[in-house]
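**Student:** Each chain, letter by letter, is given below.
2 protein chains.
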Amino acid sequence: MALTYELIKKDKHTNARVGVIHTAHGDIPTPIFMPVGTLGTVKTMTPEDLEEIGAKIILGNTYHLYLKPGMDIMKKAGGLHKFMNWDKPILTDSGGFQVFSLSDNRKITEEGVTFRSHIDGSKHLFTPEKSISIQNDIHSDIMMSFDECVDARADYNYVENSMKRTLRWAKRGLDYHKENSHPDQSLFGIVQGGMFKDLREISARETTAMDFDGYSIGGLSVGETKEEMIDILNFTTPFLPENKPRYNMGVGTPDYLFESFQAGIDMADCVLPTRIARNGTALTSHGRLVVKNAGFKEDFTPLDHECDCYTCRNYSRAYIRHLMNVNEILGARLLTYHNLYFLLKLCENIRQAIMEDRFLEYKEEFYSKYGY
Amino acid sequence: MALTYELIKKDKHTNARVGVIHTAHGDIPTPIFMPVGTLGTVKTMTPEDLEEIGAKIILGNTYHLYLKPGMDIMKKAGGLHKFMNWDKPILTDSGGFQVFSLSDNRKITEEGVTFRSHIDGSKHLFTPEKSISIQNDIHSDIMMSFDECVDARADYNYVENSMKRTLRWAKRGLDYHKENSHPDQSLFGIVQGGMFKDLREISARETTAMDFDGYSIGGLSVGETKEEMIDILNFTTPFLPENKPRYNMGVGTPDYLFESFQAGIDMADCVLPTRIARNGTALTSHGRLVVKNAGFKEDFTPLDHECDCYTCRNYSRAYIRHLMNVNEILGARLLTYHNLYFLLKLCENIRQAIMEDRFLEYKEEFYSKYGY
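Chains F and X are the protein sequences, given in the same order. Take UniProt numbering: the final residue in the first sequence is number 372, and no numbers are missing along the way. Take UniProt numbering: the final residue in the second sequence is number 372, and no numbers are missing along the way.
Hint data in this document are derived by calculation from the structure and do not stem from the laboratory.
Partial list, derived from the structure: chain X residues whose beta carbon lies under 10 angstroms from chain F:
{"no.": "1", "residue": "Glu48"}
{"no.": "2", "residue": "Lys76"}
{"no.": "3", "residue": "Arg278"}
{"no.": "4", "residue": "Tyr310"}
{"no.": "5", "residue": "Tyr315"}
In this text, a Cβ means the ideal position worked out from N, Cα and C, and glycines have one as well.
Turn these sequences into a full structure, and let the hints guide you.
**Tutor:** Written out as structure tokens, the structure is:
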């Protein structure tokens, strides 16, 4: 059975809301941050680590998994859940974002996108149908429609044409989905339209007119200012139906999460917390901490004094700084663990705040400490 | 209080023996393999992982820790146990082996060894006293005397002079130890003498005449054949007192462990299981498995069918091969976990076999499956 969304509580003062997404692989409390596991692993982490930090759903990347390990192996493994030993929900993107990022090595037609692999230069074609077919093989719980994510600075004509093609692709993907997906898989439509509100409105109205299981807002966090992001988000979200989950793609800093959830978004993802972890930076309740800096070499306090995660309960900044300084894998592992815990705990706190109608107070309190 | 060794059982048919080393940080059942944690971490593993796989004692490397994080930080951290959050026993080498490996960048005098750091070329002097002093700062449970480890092909005169200097250094280190070490730290003497039995005998007699808490056999696994190693080991070990632990340094393949334990050795260490793990190779009951090879890409069986470790219970060769193929840290982590578990389980099985006077049967059984 496809997912269902249960609305539990609306904030009295904002559009923020608490809910639960029910899936075949378990329930997802919302609003939620989703750790990214590009290649069938959230980098450095085991599934048990992910459960420990409170992850309820993770992402896989269709483009990357399609190239490696490839769908032959994925099918024989019985899908990504079994391949990577994760039995909670998995969401996959459509591959569109990665394919369009290969700017010099792809060609868009009505049929789809022809591109060359970043690994070996081999030629491939992704169509709306092919994208769903790959996501069928991955057997993700939540799939995305194949769309074009345009740059925030693209001109009106380009965005209009692209958005309309994305609508046609959405319909093709949905038709393919209805015929071919496993009954427990759900498909989201994606609203595009760049920075142009009239195009956003058309995209939102037409996408929601199709019967998707949830809706994503695409084309944000792609070069626009934070104010533009918030503006488009608050303009677009009200067009999305209340009885289905809403997903803002590619968002992972605390302020973008707050703003997204405040606008009524339920789900967000980003590689940021895991990527900056591997570069030696921690998210803390007092802002980012570049723990690999020499200034922390004799600091025997935890990464975040207010954090009760495994890393903060057991290791000092000095030790983690040492590990990063000598390129020890454990450093990346401890920081990844902490950063994901930090964001998932933040989501838990936000859910709690919404339940108590004090979302804005909590946001203000968090911002003043974090230094926004 | 320094360590004590308790002999529990001697094998009826070989010199193998089962015992327990009692230390301030806990008991170590012997014979035992000791994972190497060069820079204050057994690469990829947390202390909890190490406990899970049955590690009872780990190594730190004096030379590496002296350079990074350095002894200022080590002292302020309160020693390596606290710095890395490991509360079981730690053994440190003397730094001698690493310093002598810097063949073009070190100079030996009676006083000690002057060398240049492999990191920044800075000049340092290690003396027998300095080596103990660093190990005092690390606060390891078991320290090693500063010695020269000569190449297996060194000539008689060189080895004789070196061995005699090592004896003088042993005495100096022991004197320094008695005055300066923490009462819960123990110091081992190291028998040298290369491939020359008369020199091994002199070294063994004179080293054991000094009152060390245990004895290491150095200068093996440095270029000699396996037969030479076994020959020297069986010649030397009988000179070591029965009431103290015996340590064969730098040994970590299953056959070298069997041969060492058969000769009456209690402790061994090697980077091999962790290093080959990071290169994509597993130790299994049927020999080494280069799991990163393409041949395993559709093999959904565990690394080792007979292994019940976390990795083998949860992941396939195909998944681990994929992780190694795309340079995912989790691959190195899962393989490291398995390889160390494999060797520690092997030691447990060997202890059990000795208790039941069937060490040789177990050895033969293991060898026939492993393919030796």
